[in-house]
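*Asks:* Residues per chain, in single letters:
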Amino acid sequence: MQLEEKIRDDFRQQFPFLEGNITIARPRRISIKVAYANFREVLEFAMTREDLDHLCAITGVDSGENLCFIYHLSRENGLVLNLETCLPKEKPVLETVIPYFPDAEIYERELIDLFGAQVHGLPSGNRYPLTDDWPRGEYPLRKDWRPKQEEPGKEEFKNA
Amino acid sequence: MHDTHKFKIPVGPQHPSLKEPESFSVALRGEKILGIDIRLGYNHRGIEKACEERSYIQDLYLIERVCGICSHSHSTCFVQAVEEIAKVEVPQRALYIRTLIGELERIHSHFLWLGIAGHEIGFDTLLMYAWRDREIVMDLLAALSGNRVNYGINTIGGVRRDIKKEEIKEILKGMDTLEERTLYYIKIATEEVTMIKRLSGVGKLSKKEALRLGAVGPTARASGINRDVRKDDPYAAYAEVSFKVITDDHCDVYARAVVRLKELLESFSIIRQILEKMPEGPVAVKVPRKIPSGEAFSRYEAPRGEDVHYVKSNGSEMPERVKIRAPTLANVQAVKRMLEDRFLADLPIVVAAIDPCFSCTDRMVEIDQIDSGERRVLVWQELRDFSIEWHRKNGIDFSRLNKKLKLRK
Numbered sequence: 003m004q005l006e007e008k009i010r011d012d013f014r015q016q017f018p019f020l021e022g023n024i025t026i027a028r029p030r031r032i033s034i035k036v037a038y039a040n041f042r043e044v045l046e047f048a049m050t051r052e053d054l055d056h057l058c059a060i061t062g063v064d065s066g067e068n069l070c071f072i073y074h075l076s077r078e079n080g081l082v083l084n085l086e087t088c089l090p091k092e093k094p095v096l097e098t099v100i101p102y103f104p105d106a107e108i109y110e111r112e113l114i115d116l117f118g119a120q121v122h123g124l125p126s127g128n129r130y131p132l133t134d135d136w137p138r139g140e141y142p143l144r145k146d147w148r149p150k151q152e153e154p155g156k157e158e159f160k161n162a
Numbered sequence: 322m323h324d325t326h327k328f329k330i331p332v333g334p335q336h337p338s339l340k341e342p343e344s345f346s347v348a349l350r351g352e353k354i355l356g357i358d359i360r361l362g363y364n365h366r367g368i369e370k371a372c373e374e375r376s377y378i379q380d381l382y383l384i385e386r387v388c389g390i391c392s393h394s395h396s397t398c399f400v401q402a403v404e405e406i407a408k409v410e411v412p413q414r415a416l417y418i419r420t421l422i423g424e425l426e427r428i429h430s431h432f433l434w435l436g437i438a439g440h441e442i443g444f445d446t447l448l449m450y451a452w453r454d455r456e457i458v459m460d461l462l463a464a465l466s467g468n469r470v471n472y473g474i475n476t477i478g479g480v481r482r483d484i485k486k487e488e489i490k491e492i493l494k495g496m497d498t499l500e501e502r503t504l505y506y507i508k509i510a511t512e513e514v515t516m517i518k519r520l521s522g523v524g525k526l527s528k529k530e531a532l533r534l535g536a537v538g539p540t541a542r543a544s545g546i547n548r549d550v551r552k553d554d555p556y557a558a559y560a561e562v563s564f565k566v567i568t569d570d571h572c573d574v575y576a577r578a579v580v581r582l583k584e585l586l587e588s589f590s591i592i593r594q595i596l597e598k599m600p601e602g603p604v605a606v607k608v609p610r611k612i613p614s615g616e617a618f619s620r621y622e623a624p625r626g627e628d629v630h631y632v633k634s635n636g637s638e639m640p641e642r643v644k645i646r647a648p649t650l651a652n653v654q655a656v657k658r659m660l661e662d663r664f665l666a667d668l669p670i671v672v673a674a675i676d677p678c679f680s681c682t683d684r685m686v687e688i689d690q691i692d693s694g695e696r697r698v699l700v701w702q703e704l705r706d707f708s709i710e711w712h713r714k715n716g717i718d719f720s721r722l723n724k725k726l727k728l729r730k
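Taken in order, these protein sequences are the chains called A and B.
Residue numbers for the first sequence follow the numbering used here, beginning at 3 and rising by one.
Residue numbers for the second sequence follow the numbering used here, beginning at 322 and rising by one.
What the hints contain is simulated information worked out from the structure, not anything from laboratory work.
It is possible that some hints are incorrect.
[To be verified] Derived pair list, reagent style SDA-like, types lysine to any residue, alpha-carbon separation capped at 20 Å: (1) B:K552 <-> A:R28; (2) B:K370 <-> A:G139; (3) B:K518 <-> B:I717; (4) B:K528 <-> A:P101; (5) A:K145 <-> B:G615; (6) A:K145 <-> B:A371.
[Claimed, not checked] Between beta-carbon pairs, the in silico distance windows are: (7) A:K145 <-> B:Q379: 18 to 26 Å; (8) B:E488 <-> A:D146: 48 to 56 Å; (9) A:R28 <-> B:E487: 37 to 45 Å; (10) B:E487 <-> A:D146: 51 to 59 Å.
Even glycine gets a Cβ: it sits at the ideal position worked out from N, Cα and C.
Bound-form chain A, shown alone (with noise of 0.2 Å):
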């Protein structure tokens, strides 16, 4: 556990707000929570400083009134960090991290399709992965989104 919590206390250390929000849950799982408020600072400090530099991967998670984004980060000897940010539903306006990650767009776009989040810098390009008919403000990932009963279609199959 020694790399585990070397990196936790350089956290600490670093950014005294963080305390009592890492944890370290196994050998090479370190889990941090932050306020979005600081959430570039740490991302930059775990990105630069202590080689966290492969985004493995952005999920959201509605936790009811918030919409919870988990970045993801991994390092050469298989440590991942967890940063989980949380933003209020009704404004969950996120910046890219496109300057750190550049192959955070696909992701990023995965956030704005099903769950409805706002991303500020993303380049112009395809969404992803809804169609492009997609109807508006319907964010298939977030708790209180049901699938439709009639499904297009359906009506054709049953007379078929």
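Take the given structure of chain A and dock chain B to it, following the hints.
*Replies:* Chain B alone, transformed into the frame defined by chain A:
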């Protein structure tokens, strides 16, 4: 003045023979690719949402169907996360069996890729040979699990089937034959001038760019990045076996072929070690249907690279959230860079060289001459034929090699 040599070519998304569509919009000047725009999502099936409305055990079977090739990769990645949350101690024998099936899956996937790569460059004898040999591992998987794909081996707390002594003999026999064949393919890939010329320098991705764009698996390792989840973040029984992480510094399609071929040799060695060291004992423990609250992030080295699953539980029988990021999503972003400033004739093999999981690389191509409004339609086969013919004119011709190898057998 209009530049009449500028074209925009949409590649995809639909074709009757496809199982996984996607779309590339390729901007060309003459035969040079200026840029490429990728549209994914045609195969989005809402599996993550569906998981939230089903029990963990139902999810296991659903998740196994995320991919038809690396089904065991996804089911293992998911089950590991659930077991971590539930603090389940999985029996050692079960971990060995998971590793065994995982490596057999890697072998069938790499042989599949080798055949496709051969086909895309006009080396169809290699396709025939590789897919014939692949049947050995497919038969083994069918004998062990009852299925050629979607093996249904995993369950929460272990595996569903044990390995019998007579099956071990068959596996070892199969590995010997496949190792002999792989050594032959390595010899062809590294000594045959036509193959070296066709693949070298194509689809370049420097180490720096591969790191920057988050490439994973053989695509990253062929750009000199020494990363492999089996080694870095060991799961199942990988901490108990010795193997090398294969890397190559050529950073091109040639390197991607060499890395996959050499990885096959490591897989044979891992399987032999697994079968030798496999401990006796139970293959599963009972796990309550309700999983306590918690979260876990699981990683797995699938044949195409790092597969990641995040699972959050709420104490009930159904997960709160399941997130899946398959390796192709990480690698597809590097394809843009590999193709920039390359020739159109290299598109089929460069796309195939990341071993994409969304694609059977068989689709329709529509050529739209930007200024004149002239349109014509090509199918993927024609694009492939164009590619082979273009390289033939440039001195890379597999027909003699195809003939020679067919005559030898």
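*Asks:* Against this structure, judge whether each hint is valid.
*Replies:* Here is what the structure says about each hint:
1. Between K552 (chain B) and R28 (chain A), the direct Cα distance comes to roughly 17 Å. Compliance with the 20 Å bound is thereby established for this hinted pair.
2. About 17 Å separates the Cα atoms of K370 (chain B) and G139 (chain A), which keeps this hinted pair within 20 Å; it holds.
3. Between K518 (chain B) and I717 (chain B) the CA atoms are separated by roughly 7 Å; this keeps the pair inside 20 Å, and the hint holds.
4. The hinted pair formed by K528 (chain B) and P101 (chain A) meets the criterion: a straight-line CA distance of about 19 Å does not exceed 20 Å.
5. For the given pair, K145 (chain A) sits about 18 Å from G615 (chain B) by alpha-carbon distance, which is consistent with the 20 Å threshold.
6. A C-alpha spacing of about 12 Å is found between K145 (chain A) and A371 (chain B), which places the hinted pair at or below 20 Å, so the restraint holds.
7. Take K145 (chain A) and Q379 (chain B): their Cβ atoms lie about 19 Å apart, and the range 18 to 26 Å holds.
8. At roughly 49 Å, the beta-carbon separation of E488 (chain B) and D146 (chain A) lies within the given 48 to 56 Å, and the hint holds.
9. Taken as a hint, the range 37 to 45 Å holds for the pair R28 (chain A) and E487 (chain B), whose Cβ atoms sit roughly 38 Å apart.
10. Roughly 54 Å separates the CB atoms of E487 (chain B) and D146 (chain A), a value that falls within the hinted 51 to 59 Å.
When held up to the earlier numbered hints, the structure conflicts with none and fits them all.
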